[in-house]
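Whenever a hint applies, use it, and build me the whole structure from the sequences.
Spelled out from the first residue to the last, the chains are:
There are 2 protein chains.
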Amino acid sequence: MTTLRTPGPTIGVVGGGQLGRMLAEAAAPLGVEVVVLDPTPDCPAALVARDQIVADFDDEAGIRDLAERADVLTFEIELADQNVMDRISEETGTPVHPKPSTLETIHDKLVQKRELEDAGVPVPPFRKVDDADDIREAIDDYGAPVMLKARTGGYDGRGNVPVESKADAEDALESVAGPAMVESFVDFEREVSVIAVKGDDEVATFPLGENVHEDEILRETIVPARSSEAVTERAYDVARDVLEVMDGRGVYGIELFEATDGEILLNEIAPRPHNSGHWTIEGTQTSQFEQHTRAVLGWPLGSTALRSPTVMTNLLGDVDEEQPAAVGDIDEILGTPGAALHWYGKQQARPLRKMGHVTVTGDEGTDSIDDLLETARELEAAVTFQS
Amino acid sequence: MTTLRTPGPTIGVVGGGQLGRMLAEAAAPLGVEVVVLDPTPDCPAALVARDQIVADFDDEAGIRDLAERADVLTFEIELADQNVMDRISEETGTPVHPKPSTLETIHDKLVQKRELEDAGVPVPPFRKVDDADDIREAIDDYGAPVMLKARTGGYDGRGNVPVESKADAEDALESVAGPAMVESFVDFEREVSVIAVKGDDEVATFPLGENVHEDEILRETIVPARSSEAVTERAYDVARDVLEVMDGRGVYGIELFEATDGEILLNEIAPRPHNSGHWTIEGTQTSQFEQHTRAVLGWPLGSTALRSPTVMTNLLGDVDEEQPAAVGDIDEILGTPGAALHWYGKQQARPLRKMGHVTVTGDEGTDSIDDLLETARELEAAVTFQS
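Just so you know, the sequences run in chain order A and B. Heads up: the first sequence at position 125 corresponds to 125 in the UniProt record's numbering, and the numbers run straight through without jumps. Heads up: the second sequence at position 350 corresponds to 350 in the UniProt record's numbering, and the numbers run straight through without jumps.
Treat the hints as calculated values from the structure; they're not laboratory data. Treat the hints with caution; some may be incorrect.
So the derived list for chain A, only partly shown, Cβ under 8 Å to chain B, looks like this [said to hold, decoys possible]: (1) Leu30; (2) Gly298; (3) Gly302; (4) Ala305; (5) Leu306; (6) Val327; (7) Gly362.
All residues carry an ideal CB built from backbone N, CA and C; glycine is no exception.
So this is what it looks like as structure tokens:
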């Protein structure tokens with residue numbers, strides 16, 4: 001039985017970027033308070049959260065302070081130090097969700113892929129890379145190109161290097177500069193993702209989203225994905241299998257390839273709300289951020305039913321160099337029926353930095369996915385951060 | 001042309017209750033910051049707003065501080081002193097929306113009714129009350145019962161006294177204890193309301209809501225209202241006529257009677273987001289709170305299109321005396337598809353105090369309004385503030 005009081009329960013979040021901000025936005029109507037830890041004063045989440053602790057992501061004193069003020073700890077960045085979080089959780093009695101062990105598994109892409117493969121999750125062929133020979137052997141076995149990946153620290157495609165031929169192996173390895181793995185390049189029909197939630201004794205999956213990347217950065221999510229029903233069901237099955245491997249409650253962003261032969265293969269997992277799930281704020285009955293709030297508190301999960309076809313487009317900094325954040329002209333976004341604007345409150349725009357997003361929802365029956373996509377692209381193209 | 005920066009524009013709100021809180025919740029995704037002024041430390045809006053100025057609603061120094069920090073001033077309670085706001089606005093150059101003159105008109109129900117009648121808005125027959133004879137004459141003219149109303153200070157039905165017979169006139173007048181007016185009692189089919197928005201050079205109306213009151217406190221709003229198409233159109237016409245009389249941008253809650261003969265008559269106006277518009281958060285593309293944010297800033301208004309049939313039910317304190325706010329068991333609300341919980345973060349529960357609300361949305365075609373209403377009533381009945 002869940003009782004709600006004032007003040008409500010407090011979630012301590014390591015990281016205070018846009019994910020923390022949207023988490024706080026979703027928590028507020030539920031009476032749930034959010035405190036974030038972030039090294040940047042006045043970080044994006046600070047506007048909405050109850051409070052910000054200004055400290056580095058691995059600052060022990062800061063995390064201890066956070067744990068003492070919170071009923072549960074969670075994180076919106078994977079840079080959190082799992083050992084520190086584990087120890088502080090034990091000291092303070094404040095649980096961490098997802099579990100730091102899950103963070104550890106996901107942190108190293110090689111460990112992640114091995115554990116998932118062992119659990120029967122379909123993954124592209126991969127191997128550990130100790131030297132350039134391993135890359136050349138992978139090209140022999142999988143065919144060129146292959147994808148060289150830094151085992152740790154990469155996001156938004158950073159640390160991922162396509163290797164076109166054996167002659168490029170040495171240079172590629174040098175550019176990754178650290179422990180690496182190599183994967184077969186998947187010939188995919190489309191990239192899709194399932195936002196999945198692990199609750200106290202239940203799981204939920206959001207409708208399948210189709211993701212459009214450019215320069216390995218997410219540009220658009222289209223829902224429902226234009227996959228067949230069989231492929232869609234297969235994606236949900238894989239997502240549920242992935243959740244079995246994950247330890248601890250919360251939202252997981254599960255990125256998948258739909259191969260040209262219709263197979264579903266795992267690409268990456270994020271143990272947190274994910275950019276490809278931002279569309280759920282308007283598109284479903286319960287957003288990924290409300291689900292994460294409910295899940296980490298051990299509350300019942302909400303319905304993930306689709307409310308209407310939805311397209312999300314990121315607003316990326318289209319600037320050549322860093323400059324104060326200002327986007328104009330937003331009148332077309334504000335004036336378009338079904339369009340919702342989300343601004344992340346970042347102080348500075350940088351090239352390709354995620355500054356906000358726009359969601360366009362339509363009426364089933366009257367608006368086709370193509371119409372919504374066209375509207376979203378027009379709205380994205382109509383604004384600029386260039387001064 | 002609207003340009004959005006970090007930090008975004010700031011709205012200064014006199015009052016920091018649930019309306020201010022939901023305004024801040026709606027403003028955050030737009031990058032708009034909210035500062036509230038409220039005498040209660042840690043008022044409901046404080047959790048979400050950038051900051052709270054702790055001061056009385058008519059505290060000049062506090063309002064001046066608010067004006068200096070804000071790009072525009074607005075209010076979520078009608079207790080604000082219009083003369084003070086007018087003067088400070090002139091001193092600081094910070095505009096106030098809606099205009100203090102509108103506040104002044106609405107503040108005195110007699111003045112309000114006279115201005116609206118002059119503008120051709122249909123109102124129930126009414127007259128000024130100086131002594132009990134005026135009430136008795138009204139009974140002669142309109143028939144019993146009549147509704148005696150305090151001209152100022154009433155809300156949630158406080159200050160409204162039905163007078164059944166001439167013999168009750170003296171007692172009724174004494175209980176109102178101040179300047180009063182009397183109105184013909186409208187024999188209504190249902191009470192309805194239009195949430196209407198006055199923008200820079202545009203107006204918008206939300207779909208008609210049907211309101212269920214008990215003890216003159218709103219219990220439920222049902223959308224779409226079960227009125228005929230002709231009556232619904234007439235309600236929008238009246239709402240647009242009311243907006244003509246109002247000076248200044250913002251959301252207005254326009255409460256109407258649908259008389260048994262199908263006529264629409266004005267009941268009350270609130271120059272702010274209104275309890276009978278809370279359903280818009282889930283039920284329409286743009287909520288009343290986002291519209292108020294846009295309107296007071298002079299931004300383009302959003303679409304008010306209905307997303308799905310919706311029922312809102314208030315969670316009122318069902319306690320016998322004041323006690324710390326705690327409501328249980330909320331699991332049924334959290335677990336019901338289409339139900340959304342809103343908690344206002346008040347510290348204390350009091351008899352019939354508005355502590356939160358639940359919105360239930362359905363699918364057009366599959367869920368009838370009756371189904372949604374039944375679900376909403378079950379959810380409301382399943383929780384209690386009694387310890």
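Okay, the hints, checked on the actual structure:
1. Leu30: Since chain B brings a Cβ to about 6 Å from A:Leu30, closer than 8 Å, the hint holds.
2. Gly298: This interface hint is violated because 11 Å lies over the 8 Å limit.
3. Gly302: With Cβ-Cβ at 7 Å, under 8 Å, it holds.
4. Ala305: 6 Å, holds
5. Leu306: 10 Å, violated
6. Val327: 5 Å, holds
7. Gly362: Nearest chain B Cβ about 10 Å off; hint violated.
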